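Q: Sequence:
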Amino acid sequence: MSPGIHVLYVDDDPDIRELSATVLERTSDEFDVTTAGSGREGLALLDDGLGVDCIVSDYQMLELDGLEFFDAVRDRDPDVPFLLVTGTRPSEIASEAIDAGVTDYLRKGAVTGTAQCTVLANRIEHAVEKRRLERARDEIDRQLERYRVLVENAADPMYTLDENGTVTMVNDAMVDWIGYDRDRLVGSAIETVLTDDTVECATDALRRMTEAETPAPACFEWTFEASDGRRRVSQTTVAPLRTGDGEFAGSAGVVRERT
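Here UniProt numbering is used: position 228 in the sequence shown is 228, and no number is missing along the way.
These are computed hints drawn from the structure, not numbers from a lab. Wrong hints could be hidden among the right ones.
[What the hints assert, rightly or not] Simulated DEER-style distance windows between Cβ atoms: (1) ARG135 x GLY179: 25 to 33 Å; (2) ALA218 x LEU50: 49 to 57 Å; (3) GLU145 x ASP181: 17 to 25 Å.
Predicted model, so just to flag it, every value in this text is computed and none were measured. From the three backbone atoms N, C-alpha and C, an ideal C-beta is built for every residue, glycine too.
Model the full assembly from the supplied sequences, consistent with the hints where possible.
A: Structure, rendered in C-alpha cells:
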C-alpha cells in the first residue's frame, strides 16, 4: 500500500491556495494537502509537528518571501522536497533558487488550472519518490556497513561470492585462516582455494543454489588449500544472498575447521 504524499501548500492568496489544494487532491488520491497563508504560518505548522513529504510555496509573499521561507525550512529539515512557485518568469529567479538549493520551481500560471495542476502533481510525485529512494538507499548503506563491521570482527572465517562464484569479500579471520592476502582472494573464483576433490562438490552446490526457486542455507564438508599447501578440512555453511526482488545474487559462507 502506498504511503501517500502529504503536501504543505503555502500562498498568501487564499483563492489560489485553496483552489490549488483542492485540484491537487482531486488529481490523485495519494495527495493530502495542508495549506498555510504565509511562510510564518507554514513554519508554525512544522514546528507543531506537522509531517510533510513536500512543500510548495509561492515566491512573492509578505513577511517572508519564498526563498526566505525555504531557508527557514532547511534549518528544520535539510532535505524535504521544496517546490517554488513564482508569478514572474522562472528565469528571473532561477539562478538564485538553484544556488539556494530549491528542489524545483515553476510559474504560478502553471498551477491554477486542472491541467496545470497535473504538471505540479507530477513534479511533486517525482521529487517525493526521489527522496524516498535516497532514504531507502541510505538505510541500505547503513545496514551494509553494520553487516560489514559484524563480519569483519567475526571470529569465524567468512566470505561472500557473487552469482558466478567469484569472491567479493573475505573477513580478517578468513585471511588469517587461509593465509592468502585479501587482494589475492577478492576477485578470484572460490575454486582457486579449494582442493580438486572439493571443487566438483562446491560447483554443484552453487549451481543448485542458483537454480532453486527458494534456495536455503546448507552445510558442506569442504577442504580448502591454504597458502602453505596445508589441506584444511572444514564444515562450511553456505547461505544464499538475494536482491530486493528476491533474485539470487550470490552466497555467503561461514567456515569452521574440523579437527
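Q: Determine for every hint whether it applies to the structure shown.
A: How the hints compare with the structure:
Taking 25 to 33 Å as the suggested C-beta distance range, the pair ARG135 and GLY179 does not conform, at roughly 42 Å. Range check, ALA218 to LEU50: about 51 Å between beta-carbon atoms, so the 49 to 57 Å window is met. A C-beta distance of roughly 23 Å is found between GLU145 and ASP181, which places it inside the suggested range of 17 to 25 Å.
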